[in-house]
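Number of protein chains: 2
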Amino acid sequence: MSGLEESIRNAKAAAIRLAAADTHTKNAALTAMADALDRERASVLNANAEDVLEAKQAGLQPSLIERLKVSGEKIDGMIAGMRDVAKLADPVGETNYSLKIDEGLTLHQIKCPIGMLGVIFESRPDVVPQILSLCLKSGNGVAFKGGSEARRSNRALFDVLTAAAASAGIPKDAFVLMETREDISLMLGMHHYIDLLIPRGSNEFVRYIQDNTKIPVLGHAAGICHVYVDDDADIDVAVKVALDSKVQYPAVCNAAETLLVNSKIAEKFLPIISGLYAENKVEMRVDGESKRLIPRGTATVDAKDEDWDAEYNDLVISVKVVKSAEEAIDFINTHGSHHTDAIVTENKDRQLMFVRSVDSADVFINASTRFADGYRFGKGAEVGISTNKIHSRGPVGMEGLMIYKYVLVGNGHAVKDYVGKDAKKFLHEPTDERYGK
Amino acid sequence: MSGLEESIRNAKAAAIRLAAADTHTKNAALTAMADALDRERASVLNANAEDVLEAKQAGLQPSLIERLKVSGEKIDGMIAGMRDVAKLADPVGETNYSLKIDEGLTLHQIKCPIGMLGVIFESRPDVVPQILSLCLKSGNGVAFKGGSEARRSNRALFDVLTAAAASAGIPKDAFVLMETREDISLMLGMHHYIDLLIPRGSNEFVRYIQDNTKIPVLGHAAGICHVYVDDDADIDVAVKVALDSKVQYPAVCNAAETLLVNSKIAEKFLPIISGLYAENKVEMRVDGESKRLIPRGTATVDAKDEDWDAEYNDLVISVKVVKSAEEAIDFINTHGSHHTDAIVTENKDRQLMFVRSVDSADVFINASTRFADGYRFGKGAEVGISTNKIHSRGPVGMEGLMIYKYVLVGNGHAVKDYVGKDAKKFLHEPTDERYGK
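For the protein sequence lines, the chains are L and X, in the order given.
Letter 58 of the first sequence, counting from 1, is numbered 191 in this note's numbering, and no numbers are missing.
Letter 259 of the second sequence, counting from 1, is numbered 392 in this note's numbering, and no numbers are missing.
One chain only, chain L, in its complex shape (with noise of 0.2 Å):
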């Protein structure tokens, strides 16, 4: 047994223990593990100037050096943010429902954390005290590893963190740091200890963690969304939806990459989203017919077959004409991923018809596709976004760390009194009891 394996199957260990802790203990930690920061940020400051030297001296893009860098501003969030987790509401232990089976014979189901997850990020810092936060709030043990330009900062920030947790009583061996990209390959092959594997980085990053384990992984390889506009649009709500979509931050999953236009309103609808496009310097990949309705003066290029399936995460977008409802429907499902696509209409069964077949985690009516984040979703810390079509879709948050346990009450039932000739019957009436609580 490797000593990473030997680590991590001691912090599954742990994390049963760490499961079993009660709210007052874990927000006694996560302010333990602020005020520690906030006492030791020489510590990190000093490891981050190590990291940023080795990053530059090695020739690291600025983007990345900015990314890299820790200044007390940033541990300034990194406190809030903790404090800010310690004021969520606790949800291991909480009653998703009761069923009274019986006199004296109640059926609860509560919400448990899901066990030992394993995290994968890029070079920020700023995301251990995210992760280790989230972590420790929902119960779960946590097995990680962060770009290694950072790694000197991250074990600073790991080590500060973990101890003051470990002084608050939280069992610490819940926790481990990896820190060579050989304990990646260890990992994905631990699925006996691993519940959920949750990869952030590039499409081909997570693709290959997708491709490489039985372990269940929570994420998306792309993102490729569509604004399909209708032809009971309104074309001020259309232009709205398809500039913001595409222009507001292009950088991103959930920015849109492929416009598509109903024929009945392309006449309309092209040249002044066209227009727009141009002077927002988005480059416009198009179709014969949305080329023939774009005013001359404009500037295209003619898609090529490759434009339909591409993500630019740049101001590019393809565009297409299409005849129906129906026909856009189709085309996202054959070249979307399945992320945040959008329909603009007033008409209302064609906005259900979109909702129930376009098998996307976000289908949005009348509004931008950059909407689809954990944030504007209203879900307090974002875990990450998911494509998967079980456990949780779409933004996730620290609800997409817990699953459930039935706790079944009785009094020395038995099931023996149910079945044959006089059996007792079972009532399952739903009922407002809750355990423990």
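Note that these hints are calculated values from the structure, not bench results.
Incorrect hints may have been included.
Identical copies go unnamed one by one, so any copy, or any two together, can satisfy a pair.
Claimed, not checked - With a Cα cut of at most 30 Å, we get these calculated DSS-like pairs of lysine-lysine:
#1 K481 - K244
#2 K305 - K207
#3 K549 - K538
#4 K538 - K557
#5 K220 - K207
#6 K481 - K554
#7 K220 - K538
#8 K512 - K401
#9 K456 - K414
#10 K481 - K401
#11 K202 - K305
#12 K244 - K538
#13 K522 - K347
#14 K481 - K512
#15 K397 - K456
#16 K424 - K401
#17 K397 - K437
Using the hints, position chain X against chain L.
This is chain X only, laid out in the frame that chain L set:
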């Protein structure tokens, strides 16, 4: 592309149309299926007679032939089952919660089908109408395979039922019946088409499926359930629970395999329960301390190491004395299968500790492990019992075939208005508004 792959790809596309089918159409299809089976009993009975004849000639065990055999009464049961599913509430489109994000901008989390399921089951033809009706009502496509001994019966049922569903406007392509073992191997590789696998069968079979696919598997490979009798147990309750958990029906996954007894109550409890076990012909495999406390006249067998990890599915139980509830919990988490485990105690703190610390789908207090069952849990229909840590856990009903999507309804809302200097604020207020109702 193999013929099977093409069928399953088409089924996935048809499943999207099925997901959008309205409640009235789905219920009409279920009624049509029940009526058609009633009308075409002869074709099913004839096909089954051929299967049974072949099975007898092949020397199949009488108990398996009994399960394979379809009678008029069994057909009555299948028909009644489909009419019951028609009466169940339609989960598709139900709103889990709604949130007012801002004026005119509302988020709804609504229930929708997972998409495309793979189901593999043993030689019981009555599973065919069960699966078809549950998948249809929940809006899921399904590829399924029954035992090869029942292949003519399964085919006859499948043809009658899917033709009836199609006549009511349900896309028939959404359902695929597989007939060879090779088909199963092929299906295990189709993670691009199939979203969830549900295998029913022996532990070895389920483990084989889990070990040979990237598709999430809903189910359990073992049922090693425990009863722990605490020192604060009521002796009468302990006797009822320990007896029923073992002897009421020992062949199944939720029967107890190990009895743990606190040393402070063992001297009182073990003589009573060992007498009752002996009366009920239960073989006891005991540790040294249990042996010392069980009266000499009562036969026992010395437990070997492997007894603590054994699933007997028979009138055999391993018995061990432990020093504390903590020791019992550690033992259960180490040797159990995370299925169903019970504590018998009047002590509320110890009940809560057991509930929070035993890492099992079902944690029972003063009740028989045999209650762990979809029917007894009031689920109407049982899809299976899951020991997974994500999505569905414990007895799973139709709710396990559902996921959700987010519907955001706006009126031209753009993210740009919620960022920067004059940013609008999000409301994030719960609302009773429902989408599409």
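For each hint given before, does the structure comply? Return the numbers of the non-compliant ones in rising order. 6 and 8
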